[in-house]
Structure formats: C-alpha cells, structure tokens
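J.: Chains as they are written, first to last, in this note's numbering: chain W, 2 to 201; chain X, 39 to 212.
Simulated from the structure, these hints should not be mistaken for laboratory data. Even for Gly, the Cβ is constructed at its ideal location relative to N, Cα and C. Worth double-checking, as some hints may not be accurate.
Covered stretches of chain X (chain W as the covering partner; in silico rule of three or more C-beta atoms under 8 Å from a C-beta of chain W) [stated by the list, open to error]: (1) 139 to 147; (2) 184 to 190; (3) 193 to 204.
Residues from chain W that face chain X, not an exhaustive set, calculated with beta carbons under 10 Å [to be verified]: (4) H3; (5) S5; (6) D33; (7) T34; (8) V40; (9) S41; (10) T44; (11) V49; (12) L52; (13) P80; (14) A81; (15) Q94.
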Amino acid sequence: MHISEGIISAPILISGGALTACGTLIGIRRLDTDRIMNVSMLTATFFVASLIHVPIGPASIHLVLNGLLGIMLGWACFPAILTGLLMQAIFFQYGGLIVLGVNTFNMAFPAVVTYYLVRPLMNRPGGYLAAGFIGGSTAVFLSALCMALSLAFTDYGFLTTAKITLAANVPVMIIEGLITMAVLSFIVRVHPDILPGRKP
Amino acid sequence: MNRSITILLAALLYVLSAASASAHSIHVFAKAENGRIHGEGYMGGGKKVVAGTIRILDNDTREVLLTTHLDEHGTFSFPVSQVHREPPADLLIILDGGPGHQSTWLLKSETYVPASAVAQTPEAAETPTETPPVEPNQAPSATPPLINIFAGLACIFGIGAIISLILSKKRGKK
Chain W
2 MHISEGIISA PILISGGALT ACGTLIGIRR LDTDRIMNVS MLTATFFVAS LIHVPIGPAS
62 IHLVLNGLLG IMLGWACFPA ILTGLLMQAI FFQYGGLIVL GVNTFNMAFP AVVTYYLVRP
122 LMNRPGGYLA AGFIGGSTAV FLSALCMALS LAFTDYGFLT TAKITLAANV PVMIIEGLIT
182 MAVLSFIVRV HPDILPGRKP
Chain X
39 MNRSITILLA ALLYVLSAAS ASAHSIHVFA KAENGRIHGE GYMGGGKKVV AGTIRILDND
99 TREVLLTTHL DEHGTFSFPV SQVHREPPAD LLIILDGGPG HQSTWLLKSE TYVPASAVAQ
159 TPEAAETPTE TPPVEPNQAP SATPPLINIF AGLACIFGIG AIISLILSKK RGKK
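The shape of chain W in the complex, shown without the other chains:
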C-alpha cells in the first residue's frame, strides 16, 4: 500500500502533503487529551500491522488496519497514521519521507470516510459486526483506489493500475474486515463508550 519514493510527480506530492497537513490539523484539534493513549496504542498497532506480508505477484501486500483506526479515532486517525507511517519510513524503510504526505492521505482519508460511513450502523443492535466488516474492507478498498489515482495522476494508466492494486488487495479487504469486526465486537461488549458515535 505504500508508494515508494521517486515514482509520484511533484504536484501530487505537494497536494498529498497539503491535504495530509489539513487532515492532521483537524485531527489534532478534535483530539481529546483523555484519548491520546488510545490513539498511541492504535498507532502502534498500525505500525506493526504492516509487518505481516502476503507475497502476491512481484510485490507483496500487508495488513493496514486503517479501517479500525478510522472507526475508533475518526479524524484523529490522520495524526495517528502520519506518525505510524513516519516510523515505518524511518525504521523499516517503507515508502519514504518524501511520499509521506501522499501515503498518509491515501490511508487516512479512506479511514475518515469509513468513520462517517459506518457510524449510523454502530448504534443498531448487532450493527457493529456489519460496521466492522464493512469499515475494515471499505477502508482498504478506498485506499487502493486512492493509490491507483495517485499513480494515474503521475502518468500511469488508471484502469490498469486500479485493476492490479484492487485485485491484489482483495485478500487484505476480507482479512481486515474480519479483524476489524472481531475487535469491534470485543470493544462494544466491554467498553462501548470509547467508540466515537456510539451511545453508551
């Protein structure tokens, strides 16, 4: 899901950086002090989730968990994903510092969309199960689409790129949907008030 350095054109890099900066600013402003450690825990989970890889074709795919972050953090997933990707770039050499803005936007924006998409489901009886699966898989789907768009704007064919990235990420969509569903199922049972948009 990470785009490497030296591939994306300068206008896309700048646009991605600017959009990420806006999202991060909104995320920090909406961040409640009491939830910072929750954000840190989820950031750490996002950070290590990328270590699980499934080799497909010439490259490989890995867990993202941006859907889980989106559902649990809302806009605060922007600073969380930014921090996670920064640490991955520094310690694992994934992506890179120059493409950090684009990669963050590609993963955080779908997470925010997912947050608004599944929020109505969270208060329905049993709706959190559907919310978890839909949220987890939709976030990966939208991230793959954003990645394809980023590459398409850099002279790569959109349809070809989109087909390859979406096809490669189908297993991740299913796995992430199930993981997000399981995590939400547990949290709703033990501590539902930490989920934004859910009435205790």
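On the provided structure of chain W, position chain X as indicated by the hints.
T.: Relative to chain W, chain X alone:
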C-alpha cells in the same frame, strides 16, 4: 474496563509483532562479470521479486536499450553486447515490480566496458576478468531488526506522552 481495552490492544500488538515479518519495498542491483550483466531483484525482507520487468536505459539520453524480465529466482542476465554503445553509456537499470513499486540501479560504464571487450575476443572470453565489486543500493535484510520495531513503538508512545503532557499543561493554564 479501560484495562480490558488496553489488554486487547496490547495482545493484538503482540500477535502482530510476533508474526513472521518482512519488508515489502523492492530493490534491484546489478554487476558486470565475464562479459555479461547479472542482476537481482529482491524485497526489503530479502525475498526474491519474481515476474518483475527490467528496463535498461542509457542514463544520459534515457533511451531504452533493453527490456527483460526477472526469472523465477528473481535474477536477470544478458550479454553486455546487447546494451553496449559507442561511446559507452552509464546504464540505468529500472525494476518495475507492480504499481507503486519501482527501484533503480546505476551501472557505470567503466564497470562493464572492460568485461565487454574481453567477451568480444573468443580466446579472452575464456579468461574470467575481475570487475570492481558493485554494492547493492541497500543490503537485503531478513526482517526489520527487533530493535527497530521496539524503537518505533517507543517513539510512538513517546510522542503520545509528549502531546499528552503539552495538552495537559495547556488545559491547566486555562
């Protein structure tokens, strides 16, 4: 209840970090030897890249001199004569490993031209020549070292603690 959430997230963190790990950034390197250019494509975790496309470009003019593919072992090889030009050009070797995955390697002309000259004469071709060692752009590592994983986690929680401290102080002032 808060403790349950913390335990769940910590357990998830442990399971994920304990799982088999490998990096997914791709790399390519190449060297000239005995009149041929040999190369390899690999992921950051050390796994071979298969089915990737290799393009050989003149680094100055960006003319594509040759297009080939990695074999099932993640390697490629071709005679220097296929890309040799007068005057000899530095070769930009590009590995395309799928959308968003690309790596490049620059092979200086002086590293492959002597080998090319040797290969052109049959008697000389039988004598292996030494070429300057070419180091890969980035040495393959089996997995990200454990210390890097813990360092990253420490940084994340450190940043969280600092932000928490700053916001608490701001609130205290208000």
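J.: Please go over all the hints and tell whether each is borne out by the structure.
T.: Hint-by-hint comparison with the structure:
no., hint, verdict
1, 139 to 147, "holds (count 4)"
2, 184 to 190, "holds (count 4)"
3, 193 to 204, "holds (count 8)"
4, H3, "holds, 7 Å"
5, S5, "holds, 6 Å"
6, D33, "holds, 9 Å"
7, T34, "holds, 4 Å"
8, V40, "holds, 7 Å"
9, S41, "holds, 3 Å"
10, T44, "holds, 5 Å"
11, V49, "holds, 4 Å"
12, L52, "holds, 4 Å"
13, P80, "holds, 8 Å"
14, A81, "holds, 9 Å"
15, Q94, "holds, 6 Å"
Figure legend: structure checked against the earlier numbered hints; every hint is met.
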